[in-house]
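A.B. asks: Use the sequences and the hints to build the structure in full.
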Amino acid sequence: MTVDAFAVLAEPARRDILDRLRRADSSVGELVDALGMSQPAVSKHLRVLREAGLVTCRTAAQRRIYRVDTRPLRAVDDWLGPYRLMWTEHLDALERHLDRQE
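Heads up, the final residue of the sequence shown is numbered 102 in full-length UniProt numbering, and it's a clean run with no missing numbers.
By construction, these hints were calculated from the structure, which means they are not laboratory data.
Predicted model only: the values in this text are computed from it and were never measured.
The beta carbon of each residue, even a glycine, is placed where N, CA and C say it ideally should be.
Please note that a few of the clues may not be correct.
[To be verified] Distance ranges between label pairs, derived from CB positions:
id, residue 1, residue 2, range
1, Ala13, Asp69, 17 to 25 Å
2, Ala7, Gly29, 21 to 29 Å
3, Gln101, Ala7, 41 to 49 Å
4, Trp87, Arg23, 25 to 33 Å
5, Leu73, Arg47, 12 to 20 Å
6, Met86, Ala10, 18 to 26 Å
7, His90, Gly29, 39 to 47 Å
8, Ala75, Pro12, 19 to 27 Å
9, Asp25, Val76, 16 to 24 Å
10, Thr59, Asp99, 54 to 62 Å
11, Pro82, Pro12, 19 to 27 Å
C.D. replies: Printed below as a string of structure tokens:
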């Protein structure tokens, strides 16, 4: 079963977890403390993120340490590319208009 990264990222708590993991690999307990979420909620969201391939985990002693895997985000980035180009074109046009006004 393929999981759609957009569907996974639609949940704000999952984006918060990814934002935290972007800064540092973390255990479930560290995520609970940092995000103020319950342990069951964090674990549930991590399971969804893991199934989507957006996070990986390794075992360190008795703890599981999670980290972001950016490979599935490439599809999101590819989809956003034309929108970035659109914004760049609009901003360039605005800059040209403002330059003409001076």
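A.B. asks: Compare the structure with each hint and give your call.
C.D. replies: Cross-check of the supplied hints:
1. Take Ala13 and Asp69: their Cβ atoms lie about 18 Å apart, and the range 17 to 25 Å holds.
2. In this structure, Ala7 and Gly29 meet the distance hint of 21 to 29 Å, their C-beta atoms being roughly 27 Å apart.
3. Distance hint check: the CB atoms of Gln101 and Ala7 are about 45 Å apart, consistent with the given range 41 to 49 Å.
4. One distance hint, 25 to 33 Å for the beta-carbon pair Trp87 and Arg23, holds here, with the actual separation near 26 Å.
5. Under the hint 12 to 20 Å, the C-beta atoms of Leu73 and Arg47, about 18 Å apart, fit the expected range.
6. For the hinted restraint 18 to 26 Å between Met86 and Ala10, the CB-CB distance of approximately 22 Å keeps it satisfied.
7. At roughly 45 Å, the beta carbons of His90 and Gly29 sit within the given window of 39 to 47 Å.
8. The hinted window of 19 to 27 Å between Ala75 and Pro12 holds, with their beta carbons roughly 20 Å apart.
9. In this structure the supplied range 16 to 24 Å holds for Asp25 paired with Val76, their Cβ-Cβ distance being about 21 Å.
10. For the hinted restraint 54 to 62 Å between Thr59 and Asp99, the CB-CB distance of approximately 58 Å keeps it satisfied.
11. In this structure, Pro82 and Pro12 meet the distance hint of 19 to 27 Å, their C-beta atoms being roughly 25 Å apart.
When each numbered hint is compared with the structure, no violation occurs for any of them.
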